[in-house]
Structure formats: C-alpha cells, structure tokens
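Please construct the entire structure, taking both the sequences and the accompanying hints into account.
2 protein chains.
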Amino acid sequence: MNAIILAIGDELVLGQTIDTNSAWLSQQLAAVGCEIRCHLVVPDDQQEIQTAIRESIATCDFLLISGGIGPTEDDLTRQALAKVLKQPLQLNELWLQELHKFFEARGRKMPEMNKIQAMIPRGAEMIFNHAGTAAGIHAKLRRLPLIHQLSAERGLEATYESGYDPICHFFVMPGVPKEMKAMFLCDVLPHIREQGGGAVILSRTLHTFGLGESAVAELLGDLMRRDKNPSVGTTVARGVVSLRVNARFPSREKALQELNQMADACRAALGDLIYGEDEQSLQQVVAELLIQRNTEAANQNKSFTVTTAESCTGGLLAAMLTDTSGSSAYFRQGFVTYANEAKRELLAVPQEMLEQHGAVSEQVVTSMATGARQRTGAQVALAISGIAGPTGGTPEKPVGTVWIALASEAGIAARRFLFAGDREMIRDRSAKMALTMLRFHLLNKPMPF
Amino acid sequence: MNAIILAIGDELVLGQTIDTNSAWLSQQLAAVGCEIRCHLVVPDDQQEIQTAIRESIATCDFLLISGGIGPTEDDLTRQALAKVLKQPLQLNELWLQELHKFFEARGRKMPEMNKIQAMIPRGAEMIFNHAGTAAGIHAKLRRLPLIHQLSAERGLEATYESGYDPICHFFVMPGVPKEMKAMFLCDVLPHIREQGGGAVILSRTLHTFGLGESAVAELLGDLMRRDKNPSVGTTVARGVVSLRVNARFPSREKALQELNQMADACRAALGDLIYGEDEQSLQQVVAELLIQRNTEAANQNKSFTVTTAESCTGGLLAAMLTDTSGSSAYFRQGFVTYANEAKRELLAVPQEMLEQHGAVSEQVVTSMATGARQRTGAQVALAISGIAGPTGGTPEKPVGTVWIALASEAGIAARRFLFAGDREMIRDRSAKMALTMLRFHLLNKPMPF
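If you read the sequences in order, they're chains A and B.
Under the numbering used here, think of the first position of the first sequence as 1, with each following residue one higher.
Under the numbering used here, think of the first position of the second sequence as 1, with each following residue one higher.
A couple of the hints might just be wrong.
To spell it out: a stretch of chain B is covered by chain A in this simulated footprint if at least three of its residues, at any positions, have a beta carbon under 8 Å from a beta carbon of chain A; those stretches are [said to hold, decoys possible]: (1) 35-46; (2) 274-282; (3) 321-333; (4) 339-346.
Each computed DSS-like pair below joins lysine-lysine, with the alpha-carbon atoms no more than 27 Å apart [said to hold, decoys possible]: (5) A:Lys83 to B:Lys228; (6) A:Lys83 to A:Lys140; (7) B:Lys397 to A:Lys101; (8) A:Lys109 to B:Lys445; (9) B:Lys228 to A:Lys115; (10) B:Lys397 to A:Lys178; (11) B:Lys254 to A:Lys109; (12) B:Lys302 to B:Lys397; (13) B:Lys228 to B:Lys254.
Derived by calculation from the structure, the hints in this document are not laboratory data.
Beta carbons are placed, not taken as given, at the ideal position from N, Cα and C, and that holds for glycine.
Below is the structure:
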C-alpha cells in the first residue's frame, strides 16, 4: 500500500509559501503503514496538474491532492482531474445546497463564482467539507503504467502485467491546512485504513514542557537507541518537546501492546514532565485539571477560580486559559497591566516598589499576583512580568528575563526564567511556563526542574 | 528556461522534517526568471532517486537536487546519479585533500566513511562546499523525453524532435540548508544566470481582512484573468485574504514598473480593504497607526491610548495589540471579563442589562466599551462579547455570533458578526475584526463592508 502526495499552488512552487500539508499527510499515512513514494508540488496550471496526476497514477494506490479547489479562476484542480478521468464536471446539488446555507447563515447571497465549488467529475464522489466551502472529491481510476498511457495516447494498445492492482484512488482536498486536516481525518483516512492489511505502524506522541530537547533525551537514555522497535524520537515545536513512539508490527494487537509498553517506559523515565499525549495541548490539560478542581470545590459549596495579571505577555496567558470550551467554570476575569500605572491602579502594586526594583522583579511580580488574588477573590492568581524584547534588556536583566508568580491559599511562589528566542517566542514560552507552574500546583507536586 | 527542484530524504517523505530548501530555491530561481515546473521529494532509496532524476530530465533545463550526499549508508544520491549518467564514481583528489584539511583543522583524523563524499561520477564537475564536508556535483546530460527513455530501455531507437534543446544541467547540493544556500549562491546560480538572459519574475503580496476570498475576487474582476501579466491570484490564511501579484518580464526595470502598476490597480479596486503588503501583519499595521497617533497627540501634550474589554476572546485582542515592540506607547491595560460578574464589577455593566439582553448583545458590548474607557481614561476602548462555541449557541445567537464595540470621543459604534469555523478560528477572527474596526477608526474612514 503506497501513496503519492500532490500539493497544488503557484505560491508553493514559487516558494512564497512553504508546503506544510504534505509533511502532515505523510505523518498520518506512515502511522497506518502506508508507504509514501514521493511528494510532488506543481503550479496552478491545468496542464501541469494533469501531467502530475497521470504520472502518479502509474505508481501508487492512493493519490492525495491538496489545493486548487477554491472559487477563483486560478483554482484548476477539479478541471484537471475531470480531464484525466475523461468525465465532464457536474453540479453536485447536495453541496450546492450546503453552499447556499453557508452564505445564508452569514446574511449574504452566494457569489455566483462559488458555484464551481460544487462541481464534481461525473462518477466521482463528493466529500463533505466541515470547515469551508470547497467540497472534496473521491475518484477511482485504473492504474495505467506511464509507458502504457503514453502508448495509448499514440494509439497503441495498453497491456497489464499480471498481479498488478489496477485501481488508484484519488482524493482531492482543500489547500487550507485546517480544512484539509479535518477532511482527511473524517473521510479519507478510513478508506486508506480499509485497504491496509500489511504491517501496522502505531504511533503515540508524549508531550513535555520545561526542559530542552537534549535534557529530555538524556533522561530517556537507551530508550532512544536507533535500532529499537518501538522507536522513540524527539521533536520540538513552540517550546514543547515531544516524544514520538512508533511501533511497527505485523498485527495491530502486537503493535498496540508494544506501543503501550514503550510509552510506559518513557513515562517512568520522565514522570510528570509529560503533561499529555497526541492531540492534547498544555492548555487543555490544565483546563481539565482546573475543571476537576472546580467541581470538587463546588461539591463542598466552595469556589475555585484562577485569575491572571500579565505584563509582557499582554493577555496571552488569559487567552490560553480560555482556549478550551467550559473555561468559564474556573476563569472569570484577568488583568493586562502593561504599564506601571496599571499595575499600581488595578493591582495595588506600590509605586516605591516599582521604582526601587523595577517592573521585572520578584517583588513586583509577587505583588501583582497578590493584588490580583485579593482584587478578584480567586483562589489562585498567576502573574507574569518580563522583558520580551527586542528592546529593553540590560546586562542584569537581559531580553528574555521573565518573573512568574503563583499566589494561592498556601502562599506565594515566584521564579525567574531566562527564555531564548524572539519576542513572540519569549511571550509564548512565558505563558506556557505559567501554565506549567499552575499544573504542578494543581497536581500538588514540586516542579521537576 | 525552467527547473525542477528535487529534495531527497526519508525524514522529508515521512513528514518528520518540513522541506524548506525547495521554497528557498524557488524564490531564488524566480528572481532570475527561471520557471519552476515542480517540486519533488523522494526518500533515501536509490531506485526512487534514479526514477525521479530520469523523469525530470525529460522536462527541464535545470535539475536542482538537495540532500543524500552525507557520509552515511543512507546517503545514495551520488550513486543514483552515477547510474543515470551511466558513469562510474571516481575519487576526486582535490576534494579528498580538502576533507583531510577539514578534519585536521579540528584536530581529528578523517573517518574512513567520509571518503565517499569525494566521489564524483566520471565526467562530472566537483562543486566546492564552503560550509561542510559534502562536495557538490555538476553534470550535464542530453534531455531525453520520457517516452524515448522508456523506448530505449526496451531496445527501441530514440528520436529527437527538432528544435529540442538537448541539454539538462544537474546540480547536486547538500541537504543542510546553510550549506545548500552557500553552494547555490556561489556556484549554481551563476550557471543559471548565464543560460538565462531570460525573464525576471518579481512578486508582491497585498493583504486584506474582512471579506471572503470570492468577494475580494469579485471586486478585482478582470484583474484576476488567468492570461494577465502581471498575474493576480488569491490565497487565504487565518482569515487573511492575500493577493499575490507576479510580474514576469525580460528586464528587472520593466518587471518592477509593471508590478507597481498592477499593484496600484489592485489598490484602486480594493481601496483601504488592503491593510498591508508582503511581511506586514494586521497587528503591525495597527500598531504603527497607533504609534503615529500617539506621537501626534504627545506633540500637543495630549495622550492617546487604547484599552480592551474582552469576553469570548479572553485576552487575545490585548495580546495582538501588544504583539509589536513599542506597544507600551499606546497600550497600558486591558480587561478580560469572562464572567458576567466581572463585567459588572470591573466595567460597571448593569446587572439588569445582562439579564435582559444577555452578555452577547449590542447593549452589553457597548456598556463594556464605555466602562473600560471611563475606568482607564483611554481615548479608545474596544470590547468583544460573543459565542466562541462549541457550546452555548442558540437559534437567535448561533455559535460564531460576536458583538464588537469601539468607544471613542466621537461616540460608540457596535457591530454584530457571524464568524465560521471552530472555537479557535472564531476567537482569532473576532480579535482581528476588532483590530480592523480600530484601523478604520484611526484612518477616519467607514468600514468598507
């Protein structure tokens, strides 16, 4: 079972946008044991798209196409596919209705040009798009080796080698990553799984935040040896160091059993440094802990909420705490006190303290947390004050210096961090570190670093 | 003059690493007028690499290969190239000396396995690597259309169409981005320029927020016709609809002149809907307008600041307003009033109003903005209250319903929006729409939608 991944778009071929869809699709396919033959990126040119599709059919079971099904004239994937299939495009009434509904809900009339997004080659299946206006397409075609196709174009007769699986499945998905991912997981992946049968590759990803990649690798030691099956590798994204465990075995049962065993070994090595797995974000995990604590408190007729007082992160921590639906249970309000006067007025940080120690100091961040907790009556208050840069650094407090405090019934803990990277990275890491301090507070455990 | 870009590596095909080399190479090639036919990514498999090279020769003047020339067993590009060229690999003494020097300078003996990095197919040229141990390769081969190659493999005679340029240049470069870039700029680009004399492609991107892709396309009308040069295409990312203008002309001067003209025509069609170009974000553009207004106010000994009162966006708008360095000039504080009691206590929203109209209403969002402005003395206050979902929707106020208000000296404007997508998208669009309302307020112009 193998696949070719074809991405379509001038912006990709011109290098103006980096193709991230293909890498994501590869990961998904590898996880179900589907081999990836190659990635191919072609421009919004009907002839080039047709050639790419024709050449791919020769050598793969699945052709996954993303991009070129928008409503504008430069979107030509459906036309190219129809040509290769030698079928006319037909209006799919079901999707046309969905389009009308989509625009009606927004109080607008559907622009005439969007109608093309409901056109599907005759005989192909429409795939629902739950996140946008472009319907996907699923079609099948006899796999014809390229030499035969070329011969056929020249009027020669095509012959099949024996034992040659003659069907290639095409899936056309939107280029917008979010829409593509939703469509792939809902409607494409099940088809591929169904065809599977060979070796099963199961994966699990375990996420950590707080230590660097090499420090995590040191803790894992021998578990990361290259020749292991299941294998363990690390990746880093936005400060989160993730362990990817891949188990490749003939049967699903065996793969799952080995995967669980290896994941347990990783958990034993890293302990609570691992905050979650697979699609779980740090935000979600903390939200779940907060909802749980809130429910426990409510059962005792008590309240449990958290509040925020942010300087350099400017609201990012509050936004992360409210990322998850249901956050109103534990989050009622937060303060963005960017200026010193705001820290003074809204959080009662003393002017002398600001003058004596500066806004980025243990004293001020502690005072911010205490002030926010008193002002709101929340059980826990988190405060952040730091230098996100690129300007404002000094030798004693370089760019990246961030103080974070957590105030609760049990007292106040404040810590100084030095984060690397640009302004955006420093703000992101600061908010995530505050969430991590909150997480260990809720777990009632000391931070492991 | 055209090129195919071939990247080699298991980690790319498995999606563990995103291929950024190909996008960079595309930008470089486009800038000298070399058309890019496609990007191709194949695994570290000698057969697959050979096939990719053979198929590419058929259709391009330049084949740029990156990756697979390291010292380890899974690096097979040079072997594959030698097979396609039907030449043996020979030791390049000059590069072997360089390798010895490289290791000596580091006080180490050259490991035996690195010797392979000095092996070059007979008849090909070695390219110096100024940043690493893998020598590059430059080779030429008669371009053979694929049908002829396949026929030749089957013992049939190949024929050339007349007027067919029979030479394809191959360049093999390291996969490490730093080494690849240095080698390309020093030793590959000059060859391509020399062959060129061809066209120059210049690009510009114009960004809009507020209207959908098809509505923008309708406003552009004929400017988006496929046969235009410069051409105009649209892409969407996180609610931002961008216009990509590409001008392809024989000289740089002509290309720049035509590009400017077409960009002006787009600006004429879309007006202030365009908020910025190329690397500019909405956040940056609004920050610049705010800094400008703040400076003007300061010159008159006045103050100009903006504050925020956020419900469903939970701090995201404040975080966007403080994205840019220097934001302390215009942003001092913001309120995250997620719960009704917080709206009441921090912003003085009347309890009866909350009960009568609900938190997501014109009345409440207006009261939030007024309250925030009065509380802080800021000149402008933005307030957001909406239903980010996935729960909480009703038939009258479905998920995605968001009220945004802007309060200033001039009065209060409030608008209702209905955003599509999931919780994360609705929150992101809400904050961006608030920034957009602020932008038009600062421009002293009505919103164009």
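Hints, verified against the model:
1. 35-46: With 8 residues close enough to chain A, the hint holds.
2. 274-282: violated (count 0)
3. 321-333: Three-residue rule met by the segment 321-333 of chain B, so holds; n is 10.
4. 339-346: The restraint on the segment 339-346 of chain B holds, since 5 of its residues have a Cβ under 8 Å from chain A and three suffice.
5. A:Lys83 to B:Lys228: Holds, at about 24 Å.
6. A:Lys83 to A:Lys140: With Cα atoms ~14 Å apart, Lys83 of chain A and Lys140 of chain A stay inside 27 Å; holds.
7. B:Lys397 to A:Lys101: Satisfied, since the Cα-Cα distance of roughly 16 Å is no more than 27 Å.
8. A:Lys109 to B:Lys445: holds (26 Å)
9. B:Lys228 to A:Lys115: holds (23 Å)
10. B:Lys397 to A:Lys178: Satisfied, since the Cα-Cα distance of roughly 25 Å is no more than 27 Å.
11. B:Lys254 to A:Lys109: Not satisfied, since the Cα-Cα distance of roughly 41 Å exceeds 27 Å.
12. B:Lys302 to B:Lys397: violated (41 Å)
13. B:Lys228 to B:Lys254: holds (15 Å)
Hint violations for this structure: numbers 2, 11, 12, all remaining hints satisfied.
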